[in-house]
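Just so we're aligned, residue 1 is where the sequence shown starts under our numbering, counting upward by one.
Treat the hints loosely; a few may be bogus.
Computed list of lysine-lysine pairs in DSSO-like fashion (alpha-carbon distance at most 27 angstroms, straight line) [said to hold, decoys possible]:
no. : residue 1 : residue 2
1   : Lys-486   : Lys-439
2   : Lys-446   : Lys-554
3   : Lys-278   : Lys-880
4   : Lys-278   : Lys-446
5   : Lys-446   : Lys-833
6   : Lys-446   : Lys-486
7   : Lys-278   : Lys-599
8   : Lys-554   : Lys-486
9   : Lys-893   : Lys-880
10  : Lys-487   : Lys-554
11  : Lys-162   : Lys-196
12  : Lys-599   : Lys-636
13  : Lys-833   : Lys-880
14  : Lys-893   : Lys-833
15  : Lys-446   : Lys-487
16  : Lys-278   : Lys-162
17  : Lys-439   : Lys-162
Just the calculated beta-carbon pair ranges, DEER-fashion [what the hints assert, rightly or not]:
no. : residue 1 : residue 2 : range
18  : Ala-555   : Leu-720   : 56 to 64 angstroms
19  : Gly-304   : Ser-90    : 37 to 45 angstroms
20  : Ala-501   : Asp-609   : 29 to 37 angstroms
21  : Asn-665   : Ala-704   : 22 to 30 angstroms
22  : Ala-890   : Thr-375   : 51 to 59 angstroms
23  : Gln-296   : Ser-770   : 23 to 31 angstroms
24  : Val-208   : Gly-22    : 19 to 27 angstroms
Hints are computed from structural coordinates only; laboratory data are not their basis.
Cβ atoms here follow ideal geometry from the backbone N, Cα and C, with glycine treated the same way.
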Amino acid sequence: MASEGIVFSQLEAQPLSQPWPGVEAAWRHVRNVPSTAAVDPEGTSRQWHYLDNESDVLATGLVPRGTLLCVHGNPTWSYLWRTLLAEATSPETLATGGPWRVIAVDQLDMGFSERTGTFRRLEDRITDLSDFTADLGLSGPIISVGHDWGGIISLGWATRHKDQLAAVVLTNTAVHPAGFSLPPALQLALHPAVHKWGTTTSSAFLRVTHNLAQPALADEVRDAFMAPYRSVARRAGVGNFVADIPATPSHPSWAALDAVSTSISSLDVPALLLWGPKDPVFSDRYLRDLLTRLPQAQVHRFEGASHLVQEDRDIATPAFAWLAQAVAEPVAPVSTSSTLAATDATDYMPMLAELDSRSTDTTTAVVDMLPGGATRALTWAQLFRDVNDLAAGLRELGVKPGNRVNLLVPPGINLTTLIYACLRLGAVIVVADAGLGTKGLSRAIKGAGPDFLIGIERGLAGARLYNWPGIRIAAEDFTGSTAAVKKALFNVAATVPQLMANGRVTRLAGYPTAFAVPEPDADAAVLFTSGSTGPAKGVVYTHRRLAAMRDTLKATYRLEAGTALVAGFAPFALLGPALGATTVTPDMDVTAPRTLSAKALAEAAAAIDATVVFASPAALVNVVATAAELSPELKKVMAGVELLLSAGAPLGHTLLTQVQELAANAELHTPYGMTEALPITDIDLPGILAAGVGNGVCVGTAVAGATVSIAPITGEGLVLESTTAANVTGEILVSAPHVKERYDRLWITEQHSVSIPGWHRTGDVGHLDSEGRLWVEGRMEHILTTAAGVKTPVAPEQAIERVAEVSRAAVVGVGPMGTQAAVAIVETNPAVKRPGLASAPLAAAVREASLSVGLPLAAVITIDAMPTDVRHNSKMDRAKLSRWAARMLAGEKAGQP
1 MASEGIVFSQ
11 LEAQPLSQPW
21 PGVEAAWRHV
31 RNVPSTAAVD
41 PEGTSRQWHY
51 LDNESDVLAT
61 GLVPRGTLLC
71 VHGNPTWSYL
81 WRTLLAEATS
91 PETLATGGPW
101 RVIAVDQLDM
111 GFSERTGTFR
121 RLEDRITDLS
131 DFTADLGLSG
141 PIISVGHDWG
151 GIISLGWATR
161 HKDQLAAVVL
171 TNTAVHPAGF
181 SLPPALQLAL
191 HPAVHKWGTT
201 TSSAFLRVTH
211 NLAQPALADE
221 VRDAFMAPYR
231 SVARRAGVGN
241 FVADIPATPS
251 HPSWAALDAV
261 STSISSLDVP
271 ALLLWGPKDP
281 VFSDRYLRDL
291 LTRLPQAQVH
301 RFEGASHLVQ
311 EDRDIATPAF
321 AWLAQAVAEP
331 VAPVSTSSTL
341 AATDATDYMP
351 MLAELDSRST
361 DTTTAVVDML
371 PGGATRALTW
381 AQLFRDVNDL
391 AAGLRELGVK
401 PGNRVNLLVP
411 PGINLTTLIY
421 ACLRLGAVIV
431 VADAGLGTKG
441 LSRAIKGAGP
451 DFLIGIERGL
461 AGARLYNWPG
471 IRIAAEDFTG
481 STAAVKKALF
491 NVAATVPQLM
501 ANGRVTRLAG
511 YPTAFAVPEP
521 DADAAVLFTS
531 GSTGPAKGVV
541 YTHRRLAAMR
551 DTLKATYRLE
561 AGTALVAGFA
571 PFALLGPALG
581 ATTVTPDMDV
591 TAPRTLSAKA
601 LAEAAAAIDA
611 TVVFASPAAL
621 VNVVATAAEL
631 SPELKKVMAG
641 VELLLSAGAP
651 LGHTLLTQVQ
661 ELAANAELHT
671 PYGMTEALPI
681 TDIDLPGILA
691 AGVGNGVCVG
701 TAVAGATVSI
711 APITGEGLVL
721 ESTTAANVTG
731 EILVSAPHVK
741 ERYDRLWITE
751 QHSVSIPGWH
761 RTGDVGHLDS
771 EGRLWVEGRM
781 EHILTTAAGV
791 KTPVAPEQAI
801 ERVAEVSRAA
811 VVGVGPMGTQ
821 AAVAIVETNP
831 AVKRPGLASA
841 PLAAAVREAS
851 LSVGLPLAAV
861 ITIDAMPTDV
871 RHNSKMDRAK
881 LSRWAARMLA
891 GEKAGQP
């Protein structure tokens with residue numbers, strides 16, 4: 001032992017028999033390890049403290065399937081990995097291929113390992129870890145696990161032990177700062193005026209790190225993290241660790257960092273990245289960088305989690321579930337592409353096939369409604385030309401197949417051209433509704449991590465203000481005296497008109513062979529859900545699955561080439577040209593569907609002699625409310641519509657009957673579906689009337705190519721199998737060629753969605769009736785678990801909405817699971833001025849209505865307006881209402897839900 005070293009036994013603050021919360025005494029070990037680090041004299045040994053669950057593994061009587069080698073960062077210690085140590089031999093893990101041995105080290109100068117009295121740089125720490133594993137006699141398979149700066153050290157070890165390496169697991173970390181400035185927190189920690197005081201003299205760096213936990217750490221856990229660093233002497237390694245951050249190429253550790261970050265691309269093993277997006281240090285930009293180096297990695301972003309993601313969320317359960325697939329029993333990862341119906345390769349027709357076939361067609365393809373009633377239109381030939389020119393211009397700028405391109409452009413000609421130019425290139429379009437709001441939109445864009453961002457001025461302003469990723473392209477040219485200022489302010493690399501002009505000039509002869517045709521199973525789009533049931537999720541579609549969606553709509557609704565479509569629902573702007581349909585978007589705020597008026601809808605229909613209209617339920621409510629504005633000519637236009645579609649939320653027959661009066665000759669259909677699969681089933685107005693009143697909303701039968709089934713809910717919970725038996729309530733399952741490929745960077749969510757083999761779990765609750773029709777009864781998270789059993793909310797809501805004073809109702813559960821009380825929350829007509837308990841007469845009428853379908857109510861609350869989703873303004877947030885009702889009934893100040 002070198003004389004300057006301070007060993008574990010001299011500094012241990014508490015004996016080995018007294019572990020911290022979550023740590024078993026048997027896990028704690030110390031070991032003297034010969035050092036080969038250049039910083040140590042020859043013959044030096046260093047004392048390591050580490051946690052090892054080997055005794056737990058031996059107690060199972062089973063051979064471990066592999067060893068997790070866990071490396072902490074700064075200023076944590078092996079305590080960070082205690083949940084992995086505990087879960088590695090749990091019954092759940094044993095059932096999926098365990099046990100696993102887990103070894104979590106305290107790096108030298110950190111935790112309860114020796115204080116060496118030396119400044120150990122990155123190269124030394126990688127060597128230290130190799131010395132430790134060699135002395136312990138570890139052999140493969142080994143899973144390298146790292147967090148924070150322990151990530152680069154663990155990866156450095158991995159690149160030097162490829163023969164032992166089986167997989168890589170990383171939580172918030174970084175492998176190279178190239179192209180990035182250091183995060184402000186680290187800049188401050190490195191500042192000469194702050195560094196020593198902040199990291200060593202005081203415990204400020206530790207306390208700031210611990211305060212990043214979301215939610216806050218329990219006092220005993222915070223104390224455990226502080227335990228090894230109670231004195232200035234014990235914090236020297238914390239300060240040195242910060243000082244060793246290689247921010248510039250002149251730093252002594254830059255070469256080692258560069259070598260590791262380059263070498264990890266050669267790690268041909270499975271990888272899992274578990275990430276806290278709220279981390280102010282290792283933000284999503286480092287995740288995106290890691291994905292360029294480990295493109296095989298599976299990712300799960302825990303929305304709301306921060307730097308200490310292990311403390312904020314359960315990472316152990318998904319980590320071992322992933323290892324069971326990736327290492328213990330190597331198989332292809334479970335995904336919708338392998339478990340759900342897919343189109344036969346011989347049936348695949350690319351999304352651009354219809355556009356290509358009409359390259360010389362001079363009839364109208366797309367129309368924009370302009371202020372004042374004017375229009376702008378492109379023929380099919382012009383659209384074909386502009387798509388190809390823009391694709392060539394984007395390629396010249398550097399957009400490559402597989403690059404993600406975020407489109408912050410409202411529906412219309414510009415968006416249509418951009419979408420099909422990206423599809424032509426093989427770039428992946430990223431589309432999130434501006435209606436998600438600034439916070440939701442920002443979360444979606446950062447989560448998707450686009451390489452390029454194309455936006456109108458408002459979108460570019462948001463990109464600058466919120467630091468959204470991607471090379472920025474303006475959707476329109478800047479004009480006037482402020483053009484140069486705006487271009488610089490928004491850091492714009494090019495504008496769409498410039499790119500289109502460049503593409504036109506440089507267009508290669510012999511097109512369309514100038515562009516490689518994207519592979520059918522390559523990613524084509526990331527579309528975001530409405531955010532009505534939590535943070536909006538990115539849904540990945542391949543070219544094949546997008547084409548299958550087009551084909552399903554075409555077959556279900558006979559949408560032949562030549563159809564004239566009013567797209568009052570933004571996603572249908574994407575499909576119009578692929579269907580061969582002339583498409584127009586009405587004059588409306590697409591972020592607020594209820595702004596669509598009858599006049600705007602009819603004027604859009606008149607512009608193309610529309611035969612088909614698609615609008616959301618909220619839009620149709622306003623269309624009916626403003627029908628008196630229609631002139632006789634516009635009424636005739638509406639009478640010419642042959643098919644009207646509305647999806648996104650249930651539609652009652654009363655509203656549909658009113659719509660029928662406006663579009664007297666139209667078939668009225670309400671397809672049921674979601675961002676992950678649209679459509680799934682379909683029903684028309686006569687079908688709704690024939691179905692009558694039942695438990696839920698009747699959404700009809702499966703569309704072409706789709707199959708629907710039910711996973712039953714029993715008193716014990718959900719049965720993870722499918723049934724088509726009549727009148728069995730459970731989670732709705734679907735299999736179809738047009739179901740999403742996967743959730744984007746949400747590995748855990750994806751595994752849940754395909755956990756019933758062969759099916760996509762929708763999260764909706766319902767049943768099939770004796771005629772094979774599907775009835776939707778709500779969402780899985782909205783079911784009520786009462787003392788009388790599981791109840792679903794839609795049937796009582798429908799009954800309550802038949803009460804004269806009620807315009808809309810939500811039924812929610814309040815109280816502990818299993819003994820929840822049912823509470824009705826109602827909007828009234830006229831609306832109440834402030835929320836509160838309903839009047840006695842109204843409460844009595846509502847109670848009677850709910851009891852008529854078998855659900856007694858504990859309370860009735862009136863509200864001025866329901867919280868609804870941003871896309872459709874129709875889906876009620878019952879979870880939020882439940883929490884709000886609980887506060888109100890408890891006498892707390894509830895405010896607005």
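Status of the hints after comparison with the structure:
no., hint, in the structure
1, Lys-486 with Lys-439, "24 angstroms, holds"
2, Lys-446 with Lys-554, "34 angstroms, violated"
3, Lys-278 with Lys-880, "22 angstroms, holds"
4, Lys-278 with Lys-446, "11 angstroms, holds"
5, Lys-446 with Lys-833, "39 angstroms, violated"
6, Lys-446 with Lys-486, "23 angstroms, holds"
7, Lys-278 with Lys-599, "45 angstroms, violated"
8, Lys-554 with Lys-486, "43 angstroms, violated"
9, Lys-893 with Lys-880, "15 angstroms, holds"
10, Lys-487 with Lys-554, "42 angstroms, violated"
11, Lys-162 with Lys-196, "38 angstroms, violated"
12, Lys-599 with Lys-636, "12 angstroms, holds"
13, Lys-833 with Lys-880, "20 angstroms, holds"
14, Lys-893 with Lys-833, "16 angstroms, holds"
15, Lys-446 with Lys-487, "22 angstroms, holds"
16, Lys-278 with Lys-162, "32 angstroms, violated"
17, Lys-439 with Lys-162, "42 angstroms, violated"
18, Ala-555 with Leu-720: 56 to 64 angstroms, "31 angstroms, violated"
19, Gly-304 with Ser-90: 37 to 45 angstroms, "25 angstroms, violated"
20, Ala-501 with Asp-609: 29 to 37 angstroms, "33 angstroms, holds"
21, Asn-665 with Ala-704: 22 to 30 angstroms, "24 angstroms, holds"
22, Ala-890 with Thr-375: 51 to 59 angstroms, "56 angstroms, holds"
23, Gln-296 with Ser-770: 23 to 31 angstroms, "48 angstroms, violated"
24, Val-208 with Gly-22: 19 to 27 angstroms, "23 angstroms, holds"
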